[in-house]
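Enquirer: Below are the chains, spelled out letter by letter.
There are 2 protein chains.
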Amino acid sequence: MPRVVVDVMPKPEILDPQGKAVQGALPRLGFTGVTDVRQGKRFELEIAGEVTEAVLADVHRMAETLLSNPVIENFTVHVEQDA
Amino acid sequence: MPRVVVDVMPKPEILDPQGKAVQGALPRLGFTGVTDVRQGKRFELEIAGEVTEAVLADVHRMAETLLSNPVIENFTVHVEQDA
Numbered sequence: 376m377p378r379v380v381v382d383v384m385p386k387p388e389i390l391d392p393q394g395k396a397v398q399g400a401l402p403r404l405g406f407t408g409v410t411d412v413r414q415g416k417r418f419e420l421e422i423a424g425e426v427t428e429a430v431l432a433d434v435h436r437m438a439e440t441l442l443s444n445p446v447i448e449n450f451t452v453h454v455e456q457d458a
Numbered sequence: 376m377p378r379v380v381v382d383v384m385p386k387p388e389i390l391d392p393q394g395k396a397v398q399g400a401l402p403r404l405g406f407t408g409v410t411d412v413r414q415g416k417r418f419e420l421e422i423a424g425e426v427t428e429a430v431l432a433d434v435h436r437m438a439e440t441l442l443s444n445p446v447i448e449n450f451t452v453h454v455e456q457d458a
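Chains as they are written, first to last, in the working numbering: chain H, 376 to 458; chain B, 376 to 458.
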């Protein structure tokens, strides 16, 4: 069944307290060399039938209206073929 | 600067109430054809310097110990080259 993935990330100009918390924890756990961490969301949508242009347009509308907050978040949509 | 992405998703056998909530909302918003939704997390790590095998091994350990809960979540690590 085809799978469409929507990645939602905070916009670069938006503060990301979750990402900052992770970034702050890394050195305490002994990890160095990470200069920035951003935390976002990943949605995996299983699609019934083929992923047509119309389906992708629908997923874009879902991402805009339900999965992301366009004021503070960007999203990307891509198709992952799955077993 | 190279970017390493860690995707964290609930294991298939684990209930995913957030995903189910999204899935339940889609028909009410007029979207059909989505048979399942899983919601997870996406972490974007900016790395200082090159992404070597040692860095990727470090990121795997971060993912295991800090970014995911291995009891209920799976994770994948991949590199995204960025400007």
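Hint data in this document are derived by calculation from the structure and do not stem from the laboratory.
Please note: incorrect hints may appear among the correct ones.
A pair holds if it fits inside one copy or across any two, identical chains being indistinguishable in the list.
[As the list claims (entries may be wrong)] Within a straight-line C-alpha distance of at most 20 Å, the following computed SDA-like cross-link-like pairs (lysine to any residue) qualify:
(1) Lys416 to Arg378
(2) Lys386 to Thr410
(3) Lys395 to Ala429
(4) Lys386 to Gly408
(5) Lys386 to Thr440
(6) Lys416 to Glu428
(7) Lys386 to Phe450
(8) Lys386 to Leu401
(9) Lys416 to Asp433
(10) Lys386 to Leu404
(11) Lys416 to Glu439
(12) Lys395 to Glu419
(13) Lys416 to Asn444
Enquirer: Now tell me if each hint is right for this structure.
Expert: Hint-by-hint comparison with the structure:
1. Lys416 to Arg378: Intra 16 Å, inter 17 Å, cutoff 20 Å: intra and inter.
2. Lys386 to Thr410: Within one copy, since 17 Å is at most 20 Å while 29 Å is not.
3. Lys395 to Ala429: neither (38 Å within a copy, 23 Å between copies)
4. Lys386 to Gly408: Close neither inside one copy (23 Å) nor across copies (29 Å); limit 20 Å.
5. Lys386 to Thr440: within (16 Å within a copy, 26 Å between copies)
6. Lys416 to Glu428: For Lys416 and Glu428, neither the intra-copy (23 Å) nor the inter-copy (26 Å) Cα distance is at most 20 Å.
7. Lys386 to Phe450: within (9 Å within a copy, 23 Å between copies)
8. Lys386 to Leu401: For Lys386 and Leu401, neither the intra-copy (22 Å) nor the inter-copy (24 Å) Cα distance is at most 20 Å.
9. Lys416 to Asp433: within (19 Å within a copy, 22 Å between copies)
10. Lys386 to Leu404: The answer is neither: 27 Å in one copy and 25 Å across copies each exceed 20 Å.
11. Lys416 to Glu439: Answer is both; intra-copy 14 Å and inter-copy 18 Å each pass.
12. Lys395 to Glu419: between (25 Å within a copy, 12 Å between copies)
13. Lys416 to Asn444: Both ways: Lys416 and Asn444 sit 11 Å apart in one copy and 16 Å across, limit 20 Å.
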